[in-house]
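Novice: This is what each chain is made of:
Protein chains: 2
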Amino acid sequence: MEVFGDLNSGNCLKVKYTADHLGLSYRWHELDIMAGESRTDVFLAMSPFGQVPVVRFDDGRALGQSGAIIRFLARGSVLLPDDAFTQAEIDQWMFWEQNFHEPNVAGARFHVVYRGEPVETRDPDKVERGEAALDFMEGALKTRDFFVGAALTIADIALLGYTRLAPQGGFQVDGRKAITRWIARCEDVLGLPALH
Amino acid sequence: MEVFGDLNSGNCLKVKYTADHLGLSYRWHELDIMAGESRTDVFLAMSPFGQVPVVRFDDGRALGQSGAIIRFLARGSVLLPDDAFTQAEIDQWMFWEQNFHEPNVAGARFHVVYRGEPVETRDPDKVERGEAALDFMEGALKTRDFFVGAALTIADIALLGYTRLAPQGGFQVDGRKAITRWIARCEDVLGLPALH
Numbered sequence: 001m002e003v004f005g006d007l008n009s010g011n012c013l014k015v016k017y018t019a020d021h022l023g024l025s026y027r028w029h030e031l032d033i034m035a036g037e038s039r040t041d042v043f044l045a046m047s048p049f050g051q052v053p054v055v056r057f058d059d060g061r062a063l064g065q066s067g068a069i070i071r072f073l074a075r076g077s078v079l080l081p082d083d084a085f086t087q088a089e090i091d092q093w094m095f096w097e098q099n100f101h102e103p104n105v106a107g108a109r110f111h112v113v114y115r116g117e118p119v120e121t122r123d124p125d126k127v128e129r130g131e132a133a134l135d136f137m138e139g140a141l142k143t144r145d146f147f148v149g150a151a152l153t154i155a156d157i158a159l160l161g162y163t164r165l166a167p168q169g170g171f172q173v174d175g176r177k178a179i180t181r182w183i184a185r186c187e188d189v190l191g192l193p194a195l196h
Numbered sequence: 001m002e003v004f005g006d007l008n009s010g011n012c013l014k015v016k017y018t019a020d021h022l023g024l025s026y027r028w029h030e031l032d033i034m035a036g037e038s039r040t041d042v043f044l045a046m047s048p049f050g051q052v053p054v055v056r057f058d059d060g061r062a063l064g065q066s067g068a069i070i071r072f073l074a075r076g077s078v079l080l081p082d083d084a085f086t087q088a089e090i091d092q093w094m095f096w097e098q099n100f101h102e103p104n105v106a107g108a109r110f111h112v113v114y115r116g117e118p119v120e121t122r123d124p125d126k127v128e129r130g131e132a133a134l135d136f137m138e139g140a141l142k143t144r145d146f147f148v149g150a151a152l153t154i155a156d157i158a159l160l161g162y163t164r165l166a167p168q169g170g171f172q173v174d175g176r177k178a179i180t181r182w183i184a185r186c187e188d189v190l191g192l193p194a195l196h
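Residue numbers (my numbering), protein chains in the order written: chain P, 1 to 196; chain U, 1 to 196.
Okay, chain P solo, but in the shape it has when bound (with noise of 0.2 Å):
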């Protein structure tokens, strides 16, 4: 499969983070979205969506929103357990990511990272709504190792996308102690290098 991608997108790193622990082979097409590679006509050909990620299958056929994305590569491996509660706990981290969390720390990040903008004109709101976030992760991590039973899922690497990079964001990540091992534990799991 080919995935259309932005290393420096907690969305897109998602897939890479699912694809590499599956042991699935790709090729990455890294492309610029600031220069509008992501809303060309043949990219929205692909992807109407005109966002990264996009994973276009050998067959042709192409799919864009990394929740989609990973939870499809995931099927009937680890990332994913059968029991269709326990997909049901997963599916409930995954959109409350994408609701709550993404908009406002890969938010936030976005303003700082890619447009280069100071840490003190952030969105105040972003800013409220992502410390929240963060907080109520920190309390769930408290009480388990991982989001969803005992052994890291999708629901783990959906969150892990943009917690990891909040510092990035202007996020404090470090006095959050329970998040702390948490990440130190997936990359540990994903064999990522620690990024702090």
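For the record, the hints were derived by calculation from the structure and aren't laboratory data. Be aware that a few hints might be false.
[Stated by the list, open to error] What the simulated footprint calls covered on chain P by chain U, stretch by stretch (three residues with Cβ under 8 Å from a Cβ of chain U suffice, anywhere in the stretch; the number is not a length): (1) 55-64; (2) 68-77; (3) 85-92; (4) 98-105.
[Stated by the list, open to error] When the alpha-carbon atoms are kept at most 25 Å apart in a straight line, the in silico SDA-like pairs for lysine to any residue are as follows: (5) U:K126 - P:R129; (6) U:K177 - P:P48; (7) U:K126 - P:D58; (8) P:K126 - U:R39; (9) U:K126 - P:A19.
[As the list claims (entries may be wrong)] Here are a few chain U residues that face chain P, going by a calculated C-beta distance under 7 Å: (10) S25; (11) L63; (12) G64; (13) Q65; (14) G67; (15) A68; (16) R71; (17) F72; (18) R75; (19) A84; (20) A88; (21) Q92; (22) F95; (23) W96; (24) Q98; (25) P103.
Ideal Cβ positions, reconstructed from N, Cα and C, are used throughout, including at glycine.
Given the coordinates of chain P, work out where chain U should sit on it, guided by the hints.
Specialist: Relative to the frame of chain P, chain U by itself:
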């Protein structure tokens, strides 16, 4: 099962539409979220997200996040066909809805409907993105009757929730002919009275 919800919330209506269409029996508990009824200790012990909707099953397990709930309720039904790639296409729209449509369309509507603020004081960023979300749906619906495949799925239900209520948030739907026809089509399948 029991549903803890707010009939004024599009996210909660998604659960109602799904359960009613599938003929699932449930007891609905109407909560006043502005009075903090989704943030009480009892509620948070059931679902720490502190948001409606939440479904509690007869075995005592609870599930939050509308997307996770309707995906779980719809498994094995016509609303979620078995084919893995079809499910991934449904997930694609459902994640997009929670990430790009809901924070903006429902966010702006919340300001007007729940806070009672004038339409003119909506967050301009949410208005712009909400309009873009509706434009994107309009484009997609010009070439199809439902979002995935030839019949109604939970992708349509997920998008119907707040699109049907968008005018209450100051968004024009009437001028978008493809959306207007799709809403009528969904209302017909789901047996809902026309809202406008």
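Novice: Run every hint past the structure and note whether it holds.
Specialist: Verification of the hints:
Counting residues of the segment 55-64 of chain P whose beta-carbon sits less than 8 Å from any beta-carbon of chain U gives 3, enough to reach three: the coverage restraint holds. Closer than 8 Å: that is the beta-carbon criterion, and the segment 68-77 of chain P has 5 residues meeting it against chain U, so the requirement of 3 holds. For the segment 85-92 of chain P, the stated coverage by chain U holds: 6 residues have a C-beta nearer than 8 Å to a C-beta of that chain, and at least 3 were required. With 4 residues carrying a beta carbon less than 8 Å from a beta carbon of chain U, the segment 98-105 of chain P meets the three-residue requirement, and the given coverage holds.
Under the criterion of a C-alpha separation no larger than 25 Å, the hint pairing U:K126 with P:R129 is consistent with the structure, at around 15 Å. A distance of roughly 20 Å separates the Cα atoms of U:K177 and P:P48; the hinted pair therefore holds under the 25 Å criterion. For a cut-off of 25 Å, the pair hint linking U:K126 to P:D58 is broken: about 38 Å separates their Cα positions. With a CA separation close to 21 Å, the supplied pair P:K126 and U:R39 stays within the 25 Å bound.
For the given pair, U:K126 sits about 34 Å from P:A19 by alpha-carbon distance, which is inconsistent with the 25 Å threshold. With its C-beta approaching chain P no nearer than about 19 Å, U:S25 sits outside the 7 Å limit, and its interface hint is violated. Against a cut-off of 7 Å between C-beta atoms, the interface hint on U:L63 holds, since the closest Cβ of chain P lies about 6 Å away. Look at U:G64: its Cβ gets to within about 6 Å of chain P, closer than 7 Å, so that hint holds up.
The criterion of a C-beta within 7 Å of any C-beta in chain P is met by U:Q65, whose closest approach is roughly 4 Å, and the hint holds. Proximity of U:G67 to chain P holds as hinted, the smallest CB-CB distance being about 4 Å (cut-off 7 Å). Given the 7 Å rule on beta carbons, the hint for U:A68 holds: about 4 Å separates it from the nearest Cβ of chain P. At about 6 Å, the closest approach between the beta carbon of U:R71 and any beta carbon in chain P falls short of 7 Å, and the interface hint on this residue holds.
Taken as an interface hint, U:F72 checks out: its beta carbon lies about 4 Å from the nearest beta carbon of chain P, inside 7 Å. Satisfaction of the interface hint for U:R75 is found here, the shortest Cβ-Cβ separation to chain P being roughly 6 Å, below the 7 Å cut-off. The beta carbon of U:A84 comes within 6 Å of a beta carbon in chain P, closer than 7 Å, and the hint placing it at the interface holds. Using the Cβ-Cβ criterion of 7 Å, the hint placing U:A88 at the interface with chain P is satisfied: the shortest such distance is roughly 4 Å.
For U:Q92, the interface hint holds, the least distance from its beta-carbon to any beta-carbon of chain P being 4 Å, beneath 7 Å. Because the smallest distance between the Cβ of U:F95 and any Cβ of chain P comes to about 4 Å, under 7 Å, the interface hint for this residue holds. Taken as an interface hint, U:W96 checks out: its beta carbon lies about 6 Å from the nearest beta carbon of chain P, inside 7 Å. The beta carbon of U:Q98 is positioned within 7 Å of a beta carbon in chain P (closest approach about 4 Å), and the interface hint is therefore held.
A distance limit of 7 Å between C-beta atoms decides the matter here; for U:P103 the minimum to chain P is near 5 Å, and the interface restraint holds.
Checked against the numbered hints given earlier, the structure breaks hints 7, 9, 10 and satisfies all the rest.
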